[in-house]
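Novice: The primary structure of each chain is shown beneath.
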Amino acid sequence: MVKVLEMQGITKQFPRVLANDRIDFDVNQGEIHALVGENGSGKSTLMNILYGLYHADAGDIYVRGEKVQINEPRAAIDLKIGMVFQHFMLVEPLTVAENIVLGSEVRRGPFLDYKRAAEEVERLSAEYGLSIDPHAKISDLSVGLQQRVEILKALYRGAEILILDEPTAVLTPQEVDELMEVMRNLRDKGTSIVFITHKIREVLAVSDRVTVLRRGKKVGTKKTSETNEQDLAEMMVGRVVLLQVDKTPAEPGEEVLAVQSARVRDKLGTLRVNDVSLTIRSGEVLGIAGVEGNGQQELVEAIVGLTRIESGQIIFNGVDITGWSPLRIKQAGLGYVPEDRHKRGLILDYSLADNLVLGLHSEPPFIKRLGIRDDKAVQDNAERMVEEYDIRPPLPNQLVKRFSGGNQQKVVVAREFTRNPELLICSQPTRGVDIGAIEFIHEQVISQRDQGAAVLLVSAELDEILSLSDRIAVMYNGKIVTVMPAHEATEHKLGFLMLGGNLEDYQGEGGNNSVR
Amino acid sequence: MLDRLKKFPYEEVVIPILAVLLALLVGSVFILFVGENPLVAYKVLVKESLGSTRNLATTLQRSTPLIFAGLAVAFAFRAGLFNIGVEGQLYIGGFAAAWVGFTFTNLPRVIHLPLAIIAGMLGGAIWAAVPGLLKAKLGVHEVINTIMLNFIAFFLTDWLTIGPFHGNTMAPETGRVAKTAAFTRLYPPTRLNTGIYLALAAAVIVWFILWKTKLGYELRAVGLNPSAAEYGGINVAKNLVTAMAISGALAGLVGTEQILGLHNRFIQRFSPDLGFMGIAVALLGKNHPVGVIFAAVLFGALQTGSAAMDRLTAVPRELITIIQALIIFFVAAEYLIRRMIRHKGDA
Ligand SMILES: Nc1ncnc2c1ncn2[C@@H]1O[C@H](COP(=O)(O)OP(=O)(O)OP(=O)(O)O)[C@@H](O)[C@H]1O
Ligand SMILES: [Mg+2]
Chain A
1 MVKVLEMQGI TKQFPRVLAN DRIDFDVNQG EIHALVGENG SGKSTLMNIL
51 YGLYHADAGD IYVRGEKVQI NEPRAAIDLK IGMVFQHFML VEPLTVAENI
101 VLGSEVRRGP FLDYKRAAEE VERLSAEYGL SIDPHAKISD LSVGLQQRVE
151 ILKALYRGAE ILILDEPTAV LTPQEVDELM EVMRNLRDKG TSIVFITHKI
201 REVLAVSDRV TVLRRGKKVG TKKTSETNEQ DLAEMMVGRV VLLQVDKTPA
251 EPGEEVLAVQ SARVRDKLGT LRVNDVSLTI RSGEVLGIAG VEGNGQQELV
301 EAIVGLTRIE SGQIIFNGVD ITGWSPLRIK QAGLGYVPED RHKRGLILDY
351 SLADNLVLGL HSEPPFIKRL GIRDDKAVQD NAERMVEEYD IRPPLPNQLV
401 KRFSGGNQQK VVVAREFTRN PELLICSQPT RGVDIGAIEF IHEQVISQRD
451 QGAAVLLVSA ELDEILSLSD RIAVMYNGKI VTVMPAHEAT EHKLGFLMLG
501 GNLEDYQGEG GNNSVR
Chain B
1 MLDRLKKFPY EEVVIPILAV LLALLVGSVF ILFVGENPLV AYKVLVKESL
51 GSTRNLATTL QRSTPLIFAG LAVAFAFRAG LFNIGVEGQL YIGGFAAAWV
101 GFTFTNLPRV IHLPLAIIAG MLGGAIWAAV PGLLKAKLGV HEVINTIMLN
151 FIAFFLTDWL TIGPFHGNTM APETGRVAKT AAFTRLYPPT RLNTGIYLAL
201 AAAVIVWFIL WKTKLGYELR AVGLNPSAAE YGGINVAKNL VTAMAISGAL
251 AGLVGTEQIL GLHNRFIQRF SPDLGFMGIA VALLGKNHPV GVIFAAVLFG
301 ALQTGSAAMD RLTAVPRELI TIIQALIIFF VAAEYLIRRM IRHKGDA
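As given, the protein sequences belong to chains A and B, one line each in that order. Position 18 (the first sequence) corresponds to 18 in this note's numbering; numbering is contiguous. Position 154 (the second sequence) corresponds to 154 in this note's numbering; numbering is contiguous.
Since no wrong hints were added, every one of them can be taken at face value.
Result set (PhoX-like, lysine-lysine): computed pairs, CA atoms no more than 20 Å apart in a straight line: (1) B/Lys212 <-> A/Lys368; (2) A/Lys267 <-> B/Lys137; (3) A/Lys115 <-> A/Lys137; (4) A/Lys67 <-> A/Lys3; (5) B/Lys214 <-> A/Lys376.
Partial chain B-side listing against chain A, Cβ under 7 Å, derived: (6) Lys212; (7) Thr213; (8) Ala221; (9) Leu224; (10) Ser227; (11) Tyr231; (12) Gly232.
Since the hints were made in silico from the structure, they are not lab data. The beta carbon of each residue, even a glycine, is placed where N, CA and C say it ideally should be.
If we strip away everything but chain B, and leave its shape as in the complex, we get (with noise of 0.2 Å):
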């Protein structure tokens, strides 16, 4: 037991903590500015979020895309990738789903909904290997691969959404997703879905691959050290390209959700730069699964607290995009908070 509390980050848990806390205080200042009393609107933004099972469940399904795109950016970050392309890829993802979703109208709901959720993982993996594929036998960098395929999903989906697949709407969107194909709403009226208990299992999943199997070993090595893995008989060029698919396959996983869970139907440039979002949870969330669930709650918990603060006190909603900003800046800068609290520990 004792060994265990040993074991234990302390490190990677405080720094996350203290920038998070930072960020409110740096946030603070601006809320006196508009000339509001900071500990009022701090305290309609955690009643309005977490205050009753309803906002809690408002803020649950915001945090369920966060969880996916987190998971995404910080598996690839493992084996030493940056995956900015989660946005290009949940599009696909998406599309593949809804395609199934409404393609497909007497399928039985054990069949039609894995069926839709493994089109959504297929789409996003197979549009993240690319660059995958082109950084291990080209070795061209990933970032300018994934951000130009994030531009070629964005118009293929919306060519797609409007021409060959648009619905009987006026607006830019497909057909319904059939009922066998949708997610379960879970507390009424909120929106939020099983699609939450799809993101705790993927989180399970990711630890799982990464800390007890031969292939997160192996992805990790490559990550930390690709000249001594190569050594060590582990094949980069191979192990470059699966994590970029099981990256992507979880990006698929943020569109499909939000087709399957939500908007049951594809709707040209849905996100909310959610695949972006990801990024700042994974930094957030120390690129570790757990960090990344606390990360994507808690950003959830923003954005849902936010728009009551907005109404209650004379503090805009764009604060919350500040403090978001803010926390990933004192993140990013985690030098300066490792020296203030410079413990006896060091290194």
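This is chain A alone, in the form it adopts within the complex (with noise of 0.2 Å):
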């Protein structure tokens, strides 16, 4: 077997956090090599100083036996590695063609060759089975396919060793099998494949072999063979994982949240949320199974108040709050925690502290008189909460990009949390958290409910939906097509519905479900 890559001794210091101590990796010719750890245990660290993002402070890396020197990451693009990040770096107004041909650039004369790059891509495409049009814009593609197009940019620059890291948080299940499969076609070309990701099952699904960090340091390397899903969890977390939540049946009490006749239309003009009624009740929670972008979000950012709705009505506590602003209905108690962190959760360049103060800024304690701010009160919050929450590293007044994916993710779930709001919406609240963490605000989300909080859940998880779930509501093109109490549901019942099954038609999980 041949070792394409061979990282020793990897230790990489950041002002206060060892992020990775003597690390040891290697990667085989042709092998998927998993690398998964807890949030902040150092595995994009590692990979980016691969990439020559980052330099490390000691240790060496060999590619194809040779020692090498990885300044920059034109230095790794030049020994054939590629790296697609979470978050995607695409020119949304261009083509796929001329995404990949950027800083590549094929030439003719003066003029770049597009005609040629787009032949191009369409060879790789149909050689991976990636099915990629070459001539599609950014803009129109789903993020699945838009993930392509970062692997295919990655291909088309000659890559041999690709790094995807987390690529699966941000895809529908229907697309991590079809990523798999494209990993698998790679793999049997003789691409070597470093996997992060959070997920067991899709360590276990795909890959060679494992690796696990823990708190920068390696804890082992197996043959995925030779592992489990518990063993897996263990080395990860360094304690035994439930991974079932225990929860007591719900004692649903007064109504807290009704919708009724909700429509909703997305900029564009499409219906997106189709005359949607649902009620929920204090000490419950309702849990939103569908495949994304079957209304669901929109469904969400009406009732907070980011979207207008066009008709109908929206009941909080018995009064209409249709039409009010974000503010004034987090004031009336509701908690939220968005479901893209990045863009509607968090301020990246504000600090911890600030962040977790966003949205009560505006009232006592953090603010003094004369709208001056309390900068001690922001300060002790912010202590109480990483505390609590164990957000790791513990530094108030370190910026919230310089945290890990999950420890971003519990900012959040940290500030919506703590006022005990009676309506908390949460839309896939674990999206890129490690299982420890995803143990942690299951536990939230119950104890929540069980302090009287109307719970609606979203969740591209079926997993997640039916686990925290006291009854479930599937929703298709826009529509609530069922609700059934939690235990009369399983995951082949769901899925049936959730790509449009009628439940009439439903035969079991052994009958002929064929969907209209």
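Make the complex out of the two chains shown on their own, each in a separate frame, by following the hints.
Specialist: This is the structure we're talking about:
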């Protein structure tokens, strides 16, 4: 077996955080090597070092047996290393071919040769089963397809070692399956892949070997065939993890939220939410299952006041809040964990402490008289939350952008949960967070429920919907197709309904369930 | 204390300093070109701008409007707005201050001067709030509207100066501002005046607003991530207008200081592009009030020293314009410098 990549003794110290501590890591020719570990364990740092974005304080890198110095991405690209980041770097108004050509221009005289580029894209796309149209505009592509463009871009530049940093975090389950197929294809054609993920299921499904990091140190490397879910979970977290939420039956109380015949259009005028009605009582969790893009996001944004509803009503605790501003709704007792934390949930260039008061920043204790901030109250609040929600590293003054993805999510959760909201809306609350944190966030959701909150949970993860919800609504094409008690739902049944199936047509697990 | 040191924004300070040094280095090539010794030329430059109390006073006097202008640009920028309209706002503000100055003649100083200053701030604020409002309500980009309003301000004040408010001289200027509305000269014969205190106070107030108040928290949030700000219950539209108005008030102070401290009357097109210099000052000062002060003093010193350099050496004063341009170039080319000083701290 040929080692295409070997990293030895990689150490990286950030101010007050040892992100990588003498890590050894290697990748064989034509293997998929999963890299896993808790949030902030140093996975992205290690890969950023390999890609030339960070510089290791100590350690050596060998590529195809030769010791190399990678000072910038250019050098990594020359060594046939490609990286797909968690946040894409595509130019939206341009086409696929144009994006791929950017920075690695195929020239014909002084002009870029788009024609040849498009042909090349088509060839690569066919070879690896990516099915991408080189002339499509990026802005018209789904997240899953955009990601393939990123992969294609790396391949186009000749990547033989491909780093995928949490590629599945933004994908629907269907897209995840497709991505894994693409990865297998690439591997079979000789590409080596480093695959970062938080989902043990994915590790087991697609990787050949797996390396676990914890708090900057390597815990170990194993053959995937010689490990299992519980074993990996323990290696990652360092203790036994409950992979199941344990909760008592709900004791629903008063009706807290009622949405009545709501219709919502998006900016382009397409009807996204079509005559949706639903109610949630205090002390229960209503889960909304559905393939992403079926109107869940628009429904939630309408409830929290970020988008206008065209018709219908939203009643919160008996009061009609239709048309209220987000601030007013928030002050009335709403907590909201938005789907896109970078866009909606956080101000990345603000410190942890400042982010933890966003939305509360205009009220005491954070404001003294005359609109002057109470810095000490902001600081104390941060210290309390860091402790309570185990946000790492515990540095209130550090910019939020310097925290790892999962810890950023904890920041949002901490801020929205501590006020004990009467209505809690969680959109993809555990996206990109590690299993320890998922366990923690799930416990928090249930504890909010038990304290009397009405919880609306939107998630693409059926596991999550099934384990947290008391009632489950399925959303398809802008409509709520069914609402059922959680104990009547199974993954299989929900999957059928989510793709547009009719409940009357459902014939059980073994039946012939064709969606019309 | 150690914590304090750790929080010190090295990069924000090191990059502008390196940009200045690089600009001087490249500038010395030009100096060699005209057959002078760069060290001699720069020595003259420093001596003539900072070498004596009188030179220092002149430098500070030239820095005063640049501080206001830099603060104006920086303040808007913190809220994500690019105010290119400082030049127009300073004319409107300047005229308003002048008008109060020459219209009321028997007010006591304690009332007249503050009144003139407030008028100057209001004039600038209103002129800037318009593009703010257009951006907030209609989404029209502020750059386009501030530029258009610049031209309207130029021609409007031209007409006011030559027309209804023309003074009794041949020159295109208004009548004199009453003594009770004029800033006091601090170090005659230089024209350094009490406006410098106002500039320093403005810097402190800007700093306080931005980092110690609810308003500043909201403004900066809007500048950094409007989507998250909106969800955080921040009224984005209102903050855009407020930011432009405050930025305009600072711009109005540029004109106010020039009128009440230097010219003592409104002179048609009196500003040597102070508003546009403000963009450079804010850029070099990294949009921070402290940085703005340093940058303004640097530019003020370069201007003061350049005349002497022109006189005493073979180096033409245009060199300073080149150096200023180079400074801006190197600050803007931050990426280049970042790579040169790439140290272990990284990104
Ligand atoms: N630029 C930076 N400055 C300071 N600290 C940093 C920086 N980048 C990362 N860190 C810290 O280094 C540690 C490792 O972060 P890294 O992003 O590598 O984690 P990760 O394993 O990728 O986590 P996640 O799964 O949440 O993405 C974290 O504690 C993080 O806060
Ligand atoms: Mg990461």
